[in-house]
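K.L.:
Below are the chains, spelled out letter by letter.
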Amino acid sequence: MNFATILKNGFVKENPVFIQFLGMCPVLAVTGTATNGLGMGLATTAVLLGSNTVISLLKSLIPNKIRIPCFIVVIATFVTMTGMIMNAYFPVLFDALGIFIPLIVVNCLILGRAETFASKNSTPFSIVDGLAMGAGFTVALVVLGAVRELFGSGSVFGLNLLGDAYPSAAIMIQPPGAFLALGILTAIFNVVILKKMKS
Amino acid sequence: MREMIKLGLILLLITAVAGLVLGIVNSMTADIIEERLIAESLEAMESFFPDLDDASIIDEAEFLDYDRVEEGFEVFSNGDVIGYTFKTNTNGYGGTIEMLTGINVEGEVVGIAILSQAETPGLGDVIESDDFKERFVGIDVDGEIDVDTISGATVSSNAVIQGVESAIEVYLEVFGN
Chain V
17 MNFATILKNG
27 FVKENPVFIQ
37 FLGMCPVLAV
47 TGTATNGLGM
57 GLATTAVLLG
67 SNTVISLLKS
77 LIPNKIRIPC
87 FIVVIATFVT
97 MTGMIMNAYF
107 PVLFDALGIF
117 IPLIVVNCLI
127 LGRAETFASK
137 NSTPFSIVDG
147 LAMGAGFTVA
157 LVVLGAVREL
167 FGSGSVFGLN
177 LLGDAYPSAA
187 IMIQPPGAFL
197 ALGILTAIFN
207 VVILKKMKS
Chain B
40 MREMIKLGLI
50 LLLITAVAGL
60 VLGIVNSMTA
70 DIIEERLIAE
80 SLEAMESFFP
90 DLDDASIIDE
100 AEFLDYDRVE
110 EGFEVFSNGD
120 VIGYTFKTNT
130 NGYGGTIEML
140 TGINVEGEVV
150 GIAILSQAET
160 PGLGDVIESD
170 DFKERFVGID
180 VDGEIDVDTI
190 SGATVSSNAV
200 IQGVESAIEV
210 YLEVFGN
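Those protein sequences? They're chains V and B, same order as listed.
Quick note on this note's numbering: the first sequence kicks off at 17 and runs consecutively.
Quick note on this note's numbering: the second sequence kicks off at 40 and runs consecutively.
If you are wondering where the hints come from, they were derived from the structure by calculation, not from laboratory data.
Predicted model only: the values in this text are computed from it and were never measured.
Be careful, since some hints might not be right.
The calculated PhoX-like cross-link candidates involving lysine-lysine, where the alpha carbons are at most 25 angstroms apart (straight line), are [stated by the list, open to error]:
(1) LYS136(V) x LYS45(B)
(2) LYS75(V) x LYS45(B)
(3) LYS81(V) x LYS29(V)
(4) LYS211(V) x LYS24(V)
(5) LYS81(V) x LYS136(V)
(6) LYS29(V) x LYS212(V)
(7) LYS214(V) x LYS75(V)
(8) LYS45(B) x LYS81(V)
(9) LYS214(V) x LYS81(V)
Residues from chain V that face chain B, not an exhaustive set, calculated with beta carbons under 10 angstroms [said to hold, decoys possible]:
(10) CYS86
(11) THR96
(12) ASN103
For each residue, glycine too, the CB sits at the ideal point set by N, CA and C.
Using the sequences and the accompanying hints, generate a full structural model.
P.N.:
Pasting the structure below:
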């Protein structure tokens with residue numbers, strides 16, 4: 017194993033959203049705009065980075081039998097910290113993401129990485145894994161948010177791109193649009209990846 | 040048995056460290072968060088407490104049982120408490136109506152302010168009109184709320200009345216004596 021493989025896994029081969037389908041609740045719920053997708057992605061990355069680091073440091077201390085409660089305590093601590101810091105310094109984002117911040121605790125991507133990676137690998141590898149998976153998650157959320165925002169309200173990151181004449185397809189920023197956009201993007205992603213893997 | 044104690048102690052250790060870390064972060068951010076919450080509502084509070092020069096957040100443990108009340112503020116003028124303001128969330132016709140209700144120390148509603156609403160333009164949004172908001176001024180907390188709803192905007196009006204009711208309820212419960 018090396019750093020390049022871990023990075024590639026996070027972004028492409030094991031992309032948390034388009035390949036592993038992890039953490040679907042925030043993926044579908046907050047990606048109405050690219051900005052919210054970015055905020056959620058960065059918050060998740062911060063938690064993932066923290067929990068991967070701490071869990072890989074503690075892996076010899078944590079007995080196998082109680083590993084899940086230990087992981088959850090570590091994860092919940094980082095989520096609560098992220099929530100407090102966001103509430104204090106990024107209030108606009110905090111208001112927009114609201115209830116989905118505490119729900120990062122149950123984002124199975126984070127527990128999944130603790131269980132399958134951080135508890136079995138060295139700290140430097142786990143830090144890179146946290147960053148890579150977090151970045152893969154963030155990019156996926158931003159792309160999904162940008163696509164939905166573009167078709168749903170004609171803008172990306174609040175920047176009006178399609179002009180006022182564009183008849184906004186409001187369905188795209190509503191829940192059904194999340195499923196539609198995710199399905200189509202996953203299909204595109206997989207076609208491209210499969211082609212590359214074959215050649 | 041010995042193993043169980045060992046497992047328990049390890050879990051205790053981890054949770055204790057987690058608690059300590061959270062305590063530190065909380066003490067670093069709590070003041071900033073409180074200041075921001077106050078600043079957001081202060082301007083609106085000034086509309087019905089013109090003399091106000093400071094406000095502080097009331098510990099939310101005091102009104103945890105009241106779902107509709109989100110925050111409470113003590114309002115000060117020259118260091119004395121002159122009244123209280125409660126932020127409430129009620130369901131209108133088009134979504135949640137977030138509003139403030141000010142009650143002075145004599146137990147009289149001094150005014151309300153709508154912070155956010157998504158009522159039907161032209162119908163429900165008249166709850167933002169001064170004419171409607173003034174109907175609540177002077178209501179005694181011990182008496183009945185006798186405010187006429189606006190025709191064509193019954194649901195929106197009732198949501199605002201509900202907000203004032205909830206504020207009064209908490210006021211009586213917490214400061215009634």
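K.L.:
Going back to the hint list, which numbers does this structure go against?
P.N.:
3, 7 and 9
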